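Protein chains in written order, with this note's numbering: chain U, 29 to 398; chain H, 70 to 510.
These are computed hints drawn from the structure, not numbers from a lab.
Accuracy of the hints is not assured; some may be wrong.
A short, non-exhaustive set of chain H residues, derived as facing chain U with CB atoms under 7 Å [said to hold, decoys possible]:
| id | residue |
| --- | --- |
| 1 | Gly260 |
| 2 | Thr352 |
| 3 | Met377 |
| 4 | Ile426 |
| 5 | Ser449 |
| 6 | Glu451 |
Since this is a predicted model, take the numbers as computed values, not measurements.
Glycine is no exception: its CB is placed at the ideal position from the N, C-alpha and C atoms.
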Amino acid sequence: MRIANILNLGIKELRGLARDPILLVLVAYSFTLSIYTAATAMPETLNRAAIAIVDEDHSPVSSRIVTALYPPFFVPPKLITQAEMDARMDAGLDTFALDIPPNFQRDLLAGKSPTIQLNVDATRSAQAFTGGGYVQAIVSAEVTEFLNRYRGTTKVPVDLALRARFNPELNKGWFGAISNIISSITMLAIVLTGAALIREREHGTIEHLLVMPVTPLEIMISKIWSMGLVVLIASSVALVVVVQGLLNIPIAGSLLLFMLGTALMLFATTSLGIFLATIAGSMPQFGLLLMLVLLPLQVLSGTMTPRESMPDVIQYLMLAAPNTHFVMLAQAVLFRGAGLSVVWPQLLALILIGTVLFALALRRFRQFLR
Amino acid sequence: MHAGKVLVSDAPSGIIESRSARSLDEAFIAYLEEAIEQQPGARQSTVGKAVPDERRGASKARASLPFLDLRRTLAYTQRESLELRRDPIRGTLAILGTLILMFVMGYGINMDVQNLAFAVLDRDDTTVSRDYALQISGSRFFTEKAPLRDYADLDRRMTNGEISLAIEIPPGFGRDVARGKDVQIGAWIDGAMPARAETVRGYVQGMHTNWLTQKARERYGAAATVGAFNLEIRYRYNPSIESLTAMVPAMIPILLLMIPAMLAVLSVVREKELGSIINFYVTPVTRMEFLIGKQLPYIGLAFMNFFMLSAFAVFAFRVPFTGSFFALTVAALLYVIFTTGMGLVISAFMKSQIAAIFGTSVITLIPAVQYSGLIDPVSSLEGMGALIGRLYPTTYFVTISRGTFSKGLGFSDLASSYIPLLIAVPVIYALGAMLLKKQAQ
């Protein structure tokens with residue numbers, strides 16, 4: 029293994045990339061605009077939820093409830109009739125529909141405990157589940173306040189002070205930006221190395237490499253360092269310019285530690301890219317394999333839904349994926365300000381997964397070259 | 070072949086048979102005679118037998134009018150399906166892969182937050198404070214970890230992600246509650262993952278209120294038990310709040326976008342890279358014939374995928390299907406025409422296969438997963454994301470899929486979601502025709 033060979037072969041890869049302008053535009057897009065869009069599009073969990081109210085009471089208390097539901101949590105509620113409610117929910121116009129029964133205020137004051145019905149479109153999972161709680165809390169607060177003017181309180185004076193750490197306003201954009209950087213890293217690392225390898229084979233330029241005095245190991249390392257470097261630079265730019273600069277997201281921990289994690293992650297994913305390329309015989313097969321790998325990595329690594337709530341089997345299976353560990357590391361370092369003492373298990377896992385993937389890829393790569 | 074026109078193309082035996090000739094030579098002469106006979110007719114464009122009719126179409130197409138010659142289109146269809154058939158790995162990947170993805174994602178995406186780790190910093194340690202902690206650890210949402218010793222411990226364990234919720238009960242809590250003095254319980258939530266934190270917040274608030282009502286009942290007796298009012302929550306379309314019922318109908322559109330687009334995306338750019346695109350440049354085939362011909366086999370494959378996915382959802386995942394399957398099928402057909410068409414558009418535009426694959430992943434994966442209503446409804450998105458969500462046809466197919474699966478709807482209820490799909494198809498064809506060049510640049 030000669031360092032000079034690896035260096036020169038890597039430079040060759042970089043030149044190849046530099047000459048594909050569309051590819052460069054796509055790289056730039058996925059580390060800037062794509063991240064910016066994701067961070068600004070993500071609503072806080074309950075943002076502008078569509079709600080409609082069937083007010084059959086038309087009393088002071090019912091109008092109190094109507095005015096209590098306002099942006100940014102809800103869009104200004106639409107007042108509809110009972111008959112419209114079903115049609116609107118069927119069409120997906122409203123996520124919530126609150127039905128205040130006739131004589132609600134009268135029954136309330138008479139102590140008959142009347143019932144308000146809240147219809148939730150449960151097919152809209154995230155918003156439906158958290159939003160239900162919000163509506164409940166808001167309606168209860170309004171009704172209680174209204175009642176307190178008529179009756180004394182009978183509550184236990186224990187207050188709950190809820191504070192969210194590391195992201196006090198629970199701004200989803202913070203996390204959205206980071207999870208998008210992670211998916212861009214994965215996607216690029218696999219595509220750039222894997223597809224470049226298949227292209228060399230389809231065009232026959234791999235023959236050029238074979239007649240040169242270089243070993244498969246040198247070829248593979250050169251592909252890994254060059255593409256890894258491109259993605260590493262792109263992701264640091266994304267983090268510093270887009271995340272810190274444009275989006276003003278505070279980063280709690282050490283950028284350097286995160287970069288170390290990214291480098292290890294890239295080692296694993298670029299190896300994975302080469303491995304996939306050696307399995308797939310042609311570009312069309314590679315494209316499909318890519319989807320088969322990317323989609324679960326994107327959805328199940330813990331960026332979209334928490335890992336704890338996935339079935340055990342999937343949790344264990346996903347431990348074999350570099351993304352899972354990288355997501356944990358990114359969360360810990362960037363938001364919770366964790367240091368090396370906390371994230372070393374993730375770094376170790378990334379090294380381990382990377383080494384295994386590298387060894388597997390190298391073995392297949394040697395056969396691939398024959 | 071006569072005067073630059075291919076008269077017939079078939080296996081030798083087929084040609085002989087079609088003219089009931091004795092040898093290939095005889096059949097050849099029969100074809101030529103027929104062609105010469107018809108020529109004056111075709112020139113004066115008198116509509117006669119069936120053959121000139123078809124030929125007029127061909128000559129029009131040669132004058133680069135967007136007329137579709139069925140034979141040439143189907144020739145490309147045949148060429149493309151042969152390529153697909155002779156690469157069994159690709160076909161298998163497309164079919165099996167879709168099912169595997171459906172299976173993994175259907176089970177993996179779960180909006181229900183469970184088994185969250187929490188710990189208590191109990192500075193009071195009385196029956197009342199322990200009662201409070203028990204209330205939380207007793208629920209199925211939380212799993213209690215070893216108690217916290219102090220703030221440093223809390224910091225450390227929260228930073229390394231061991232616990233996502235910490236409860237602090239102040240000293241003298243039990244006494245103060247008994248005396249009716251104002252006390253405050255502290256709860257810290259790990260906000261690194263906002264969606265999860267939001268859910269945790271909801272659970273904690275709910276349990277706190279529960280505990281208060283329970284205490285109030287113990288202390289004030291019946292006076293407090295009469296709740297002022299009830300709020301009855303009806304989870305419509307999915308009463309037991311099954312995650313599968315919510316997610317699976319939305320997964321179908323995503324899988325029907327990514328796999329068909331990825332299948333179709335290389336069909337043109339691959340010819341460009343390998344050089345066989347010259348066949349398109351130098352033959353009379355028009356752009357639409359070329360695109361549609363290439364698209365048909367992928368539409369077929371994607372449509373088959375759709376039936377498989379639906380069957381899988383209903384029979385393996387037991388997601389109830391309540392609406393009109395016909396309505397869903399029509400929407401699916403429009404949708405796969407769009408998704409395969411999108412693959413072809415990217416393919417026509419790109420110059421290298423790498424860029425095409427990369428472009429497809431960028432254009433499909435992120436918008437479909439994040440902006441089309443899979444998790445956050447499109448109405449709540451903001452900025453560019455909201456715009457993408459509104460323009461992207463996946464959004465509308467998600468609505469139709471959820472509507473027909475869970476809400477028991479049919480055509481008339483979902484009409485507004487069909488319109489964007491109907492618009493998307495011609496738009497994608499127009500784009501394809503625009504981007505595909507009849508001449509290399």
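Verification of the hints:
no. : hint   : in the structure
1   : Gly260 : holds (3 Å)
2   : Thr352 : violated (23 Å)
3   : Met377 : violated (16 Å)
4   : Ile426 : holds (5 Å)
5   : Ser449 : holds (5 Å)
6   : Glu451 : holds (6 Å)
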